[in-house]
Amino acid sequence: MNAGADIATTTVTMVDALNLALRDSMTEDENVVVFGEDVGVLGGVFRVTSGLTETFGKDRCFDMPIAEAGIMGVAIGMTALGLRPVVEMQFDAFGYPAMEQMFSHLAKLRNRTEGRWPVPIVVRVPYGGGIGAVEHHSDSSEAYFAQTPGLKVYTPATVGDAYTLLREAIAQDDPVIFFEPKRLYWEKAELPVPEAAEAVPGRAVIRREGEDATLITYGPSLSVCLAAAKAAAAEGYDVGVIDLRSVVPFDEGTAADALARTGRGIVVHESAGYCGVGAEITARLTELCFDILEAPIQRVTGRDIPYPPPHLEHHHLPSVSRILDALADIL
Amino acid sequence: MNAGADIATTTVTMVDALNLALRDSMTEDENVVVFGEDVGVLGGVFRVTSGLTETFGKDRCFDMPIAEAGIMGVAIGMTALGLRPVVEMQFDAFGYPAMEQMFSHLAKLRNRTEGRWPVPIVVRVPYGGGIGAVEHHSDSSEAYFAQTPGLKVYTPATVGDAYTLLREAIAQDDPVIFFEPKRLYWEKAELPVPEAAEAVPGRAVIRREGEDATLITYGPSLSVCLAAAKAAAAEGYDVGVIDLRSVVPFDEGTAADALARTGRGIVVHESAGYCGVGAEITARLTELCFDILEAPIQRVTGRDIPYPPPHLEHHHLPSVSRILDALADIL
Amino acid sequence: MNDRTETTLDGYWTPPTALTLVALRNGLRAMIIGRRLDRQASNLAKQGYLTVYPSSLGQEACQVAAAQALGPDDWLFPTYRDSVAMFTHRIDPVKVLTMLRGDWHCGFDPKAHRCAPHSTPLATHCAHAVGLAMASVKKGEKRVAMALCGDGATSEGDFHEALNIAAVFKAPVVFFVQHNGYAISTPSRRQFRAKSLADKAIGYGIRGEKVDGNDFVATISVLRDAVEHARNGFGPVLVEARTYRVSPHTNADDPDRYRNRSEAEPWLEHDPIARLTEYLTAQGRLARDTLRDIEDAAEELAADLRRRVMIPPEADPARLFAHVYADPPPHLQEQRIAVLSEEYVA
Amino acid sequence: MNDRTETTLDGYWTPPTALTLVALRNGLRAMIIGRRLDRQASNLAKQGYLTVYPSSLGQEACQVAAAQALGPDDWLFPTYRDSVAMFTHRIDPVKVLTMLRGDWHCGFDPKAHRCAPHSTPLATHCAHAVGLAMASVKKGEKRVAMALCGDGATSEGDFHEALNIAAVFKAPVVFFVQHNGYAISTPSRRQFRAKSLADKAIGYGIRGEKVDGNDFVATISVLRDAVEHARNGFGPVLVEARTYRVSPHTNADDPDRYRNRSEAEPWLEHDPIARLTEYLTAQGRLARDTLRDIEDAAEELAADLRRRVMIPPEADPARLFAHVYADPPPHLQEQRIAVLSEEYVA
Ligand SMILES: Cc1ncc(C[n+]2csc(CCOP(=O)(O)OP(=O)(O)O)c2C)c(N)n1
Ligand SMILES: Cc1ncc(C[n+]2csc(CCOP(=O)(O)OP(=O)(O)O)c2C)c(N)n1
Ligand SMILES: [Mg+2]
Ligand SMILES: [Mg+2]
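Chains as they are written, first to last, in our numbering: chain A, 1 to 331; chain D, 332 to 662; chain B, 663 to 1008; chain E, 1009 to 1354.
So here's chain A without its partners, still in its complex pose (with noise of 0.2 angstroms):
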């Protein structure tokens, strides 16, 4: 079943892009296990896990009691032995209850021991809203990981990213925390997979030129970035787009050097802009472009409010028109 290297062009949504991913990092390393609630024989709400437990066995990917902290701690004990987990989250803000375990020791433990015991564990997080889910289930916590030392944060905007990155987050040694934007899950893609496999994390890309403005962004917005880009160019504007890709490390040069042509730049993420990770890109590259910068760096992000229900949130997350406003304000 690892079907990624013999075939040519497939298409596939972000959902096939990840079980991909975890498919052949598994075949490729036997310590490589998959565990969480329902991702065994149900493949995980959102069946990413789809299959995995029927090729791999029951050893390899296996559903869990429902208990985030201890499926979380598991993990930890696990890498003792030299497992390296792949654990699903099922929603974002069910991953709380984990906290004390990825705060205080899966961000720590390489630390303590003097890197005598590394943790390579992945935890897989559908995250951000836009697909209409009741309340708790569309939160994006990613800024919470960002701002703890020791871990990473990856986060793929396109069906090719998914694979390249959980692939590389598998591989590596540091823990990664991997946010998967939820409503990208069913977008298609056609891929030959193993080729797509450019996406460098730490490694930020420029999705779209610009001279006239810059938009940063990351994950579910990396979307309606390029939408705004689109309409501003209707407008007559030359707007580019980068999409980070991971938010620890976060690659200061390639979004540097943009604004250094434009000397204008929106960051633009779903999550609440209060000390959320746009304010640190924000904070980060006004230091580093200070005396280019025709204009302070705006932020479009979600509102500092609960995530709103359903028939709400289209006023709570960054949309063209809120990015077009802000472009606006800084053209």
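Possibly wrong hints are sitting among the right ones.
[Stated by the list, open to error] With the Cβ distance kept under 10 angstroms, some of the chain B side facing chain D (calculated, not the full set): (1) Q730; (2) G733; (3) P734; (4) A774; (5) P779; (6) G793; (7) L794; (8) A797; (9) E803; (10) A807; (11) I827; (12) Q945; (13) A949; (14) A988; (15) P990.
[What the hints assert, rightly or not] Residues on chain A that point at chain E, a partial pick, calculated with CB under 10 angstroms: (16) T53; (17) T55; (18) D59; (19) A69; (20) E100; (21) R112; (22) K152; (23) Y237.
By construction, these hints were calculated from the structure, which means they are not laboratory data. Here a beta-carbon is modelled for each residue, glycine too, at the ideal position from N, C-alpha and C.
Using the hints provided, position chains D, B and E with the ligands relative to the given structure of chain A.
Positioned in the frame of chain A, the structure of chains D, B and E with the ligands alone reads:
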């Protein structure tokens, strides 16, 4: 034992001031209850709740089993019948097990119920380092809470504010995460307590005027900033210091006014810098003062590492010399 | 720990305090109405009028008994699965469904109805029930809090902490576990290994009961006893009701991926509504007319529910900002103004 | 649940698999040495050479039995209180004390010693033990993991989740609770209401044992059985040892605020070292000389510990950055350079 009312001037520590604030609030409103781990007959490991059980009875101040999520959940349930719990998390990192309760319920319940179920809870968190404590005992987690909509985040830097801010936190209807700088617990001040009640939360205070640059800080870092300002004065620089007192709400007006005069600012805090509170302050103030800034706002913060062991913590913490270095960069 | 399953799977358990005929008829009525509203809600979800709906089909005895075992000052702490309990607790069905419909998170006044919002984060509300119960004792009141949860939720640390704290403080709480065999796709044998969830009571030093959750008579009797035990200062009670989740986890779930349809058969044979109907009929206590009246009332309520849910809810963005804080910080006030002015523009 | 307290409080429990004389002498030796090192550590803390020290005075039977019940591939998951268990597990005392001394968080190689760093966040390491045990099974190994914790830690949700998961997977873990009567100032009656913590085993469907934790013979026998039970695929075991925390919580604690000194008396009469010494002496199995030899060895080790702890540890700031990540992000590399260059300046 409502000691504050009739004492003219008395020398107290921050621990005493906090204890007095609890006493005065408990006397004034019988719905105020205090609980947590070892807060009863022991009076808390830092003695902040000393004597409360004796004075107010076991019904008003009591020990709980060691279950932080449960403690937080119990507090939330109590508010349905009008109680106003003040709970203690024994050390900052030991509040992590309660994060789901804090993020998914405490922060959201008023909003979910459209104001029908307010949750007037104060969570007291002894935080920060500098006291030579072993691992897991020196975290500063204010940014996690500052970025959670629905929560307020206070932190006193003086003995007087410890009293006033805690009183106000207990009196108001929003949940407040109240960060107490452990290393200031034994600071002393002359305190005509009720008269010192000038601290308005959400209102920053200028601790030192200065025309050349502005240090913006809170909690345990205030004294470091004041010392740095003094050292800078010796070198001929007139450096002002602003104490925010609360991170949510953030009094951007006071900070921006000061910055507008100096054109140069440094944000100083002890928690890790990456995605920390300083990023938000920097980003907002840059936006407000963009045209007036002579240099990018600098940040002097804890390093982005797990809190170090006692023998190495001084390399981590903001110090006078690090602040002076940052000043040298922008002056 | 008392086990009242054995005696009831094939017969009917005789309650220590006799249930009045009125109580049994009320139970039957609420079960029939509850099932009808539940079916209506499932349909509304399929048709897109609700975002999602977790049905409690087959669990009506538990749902109704939970609500009906409570006294007039007692509180209910339900989960997403417990809409029928909330209907029975006399909350307007439209307001119960608000969260699932997606116009707001909670549609009713929790204090007026003595009912917490549906809890989605599993087991977290168990501690809320304990807090309320402790506050009640402190205030010299005699309220009992009943926390509902599923078999899966018992694996969470929050469940344990709540039970233990309640035990230490002898808090008047009834923890009512509807053991319906599944947590989404995970069967209960992969959730815990004990013979019975009620066995956990021993480890907390509290009273534990196991009951046939498809037997209304047994379930309400056990719950009433539990409520009075708690109310009278004897401490919390853990009640496990063995039942079966006949429906998918929610309308979005596909149970064919993880269980055989035939598995449901014995449970359908023990359908709680059929059993109580049969019992009352056999005893000559249920006239055909009465049954038809109930069914008519159920139809009417279902039609009313459908009609009202189909009216598009108002979606005023001002609501988003109105109650985040009693006293909002300045940055939020700015955002509120921005959102509202966008509205005027649009 | 087996209760081995009653039989042992006044006598000595006869183990099912006879303990060899060597095992008993090893136990006594380790207890005497452990207590001496523990006292040395307490003194070093008072004198400021350690930041803090939580003594296990009076709990030596538990400490030593825990370590000595393990086989050569088994792992220990200790708390801050379990330094004596770690000494017995053959980790250099100076390295055990590194965390408490404050030069680094963990001073030894956990994998080489099959011992996790002391866990401070209560009960969190219980799940780590489960994970290790599950990995061992997956790898076809026969390792057992032993997680130590206190009575207070059993109130945490993490304790529950770990036991439940271990039960479901029949993971080879021994959860060993040293019930020493206190969690800092909180007596165990305010921590839980069950008659015995071992009763919790029933609710998890696993084996539970209660033992007199001041009786070395009983404790090591129960733990050995538990370890072999787990190793042989019968699932986890919960062992509660009833003992008493003779010392303050740590050297910084003042127990006079919350308990009467007289409370310790019956426990001091059941001192584990005195009991085993008496037992062996009464049986003619312990020569005066042997005892003196052990005591001499203990003195020597304590002196060595003192000497080595008093040498100021090196405090190289490069350590702060060396292992935060395998592959550090750029902002951290910058900080590393900044800190190191500050160093060169200073
Ligand atoms: C803390 C948390 N983790 C995970 C989930 C996702 N989730 C929702 S329902 C469910 C299964 C719950 O099963 P059970 O407690 O048996 O209740 P039932 O649905 O059977 O009524 C899960 C895992 C959640 N809501 N909260
Ligand atoms: C999660 C967490 N909460 C609180 C604490 C603070 N704390 C340290 S030791 C202790 C008491 C633990 O008592 P017990 O488990 O009985 O162990 P003992 O100290 O008696 O050996 C507490 C509350 C902690 N370390 N971790
Ligand atoms: Mg269930
Ligand atoms: Mg103890």
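For each hint, the structure was consulted:
no.: 1; hint: Q730; verdict: 21 angstroms, violated
no.: 2; hint: G733; verdict: 16 angstroms, violated
no.: 3; hint: P734; verdict: 15 angstroms, violated
no.: 4; hint: A774; verdict: 8 angstroms, holds
no.: 5; hint: P779; verdict: 6 angstroms, holds
no.: 6; hint: G793; verdict: 2 angstroms, holds
no.: 7; hint: L794; verdict: 4 angstroms, holds
no.: 8; hint: A797; verdict: 4 angstroms, holds
no.: 9; hint: E803; verdict: 8 angstroms, holds
no.: 10; hint: A807; verdict: 7 angstroms, holds
no.: 11; hint: I827; verdict: 5 angstroms, holds
no.: 12; hint: Q945; verdict: 41 angstroms, violated
no.: 13; hint: A949; verdict: 42 angstroms, violated
no.: 14; hint: A988; verdict: 4 angstroms, holds
no.: 15; hint: P990; verdict: 8 angstroms, holds
no.: 16; hint: T53; verdict: 14 angstroms, violated
no.: 17; hint: T55; verdict: 17 angstroms, violated
no.: 18; hint: D59; verdict: 6 angstroms, holds
no.: 19; hint: A69; verdict: 6 angstroms, holds
no.: 20; hint: E100; verdict: 6 angstroms, holds
no.: 21; hint: R112; verdict: 4 angstroms, holds
no.: 22; hint: K152; verdict: 7 angstroms, holds
no.: 23; hint: Y237; verdict: 31 angstroms, violated
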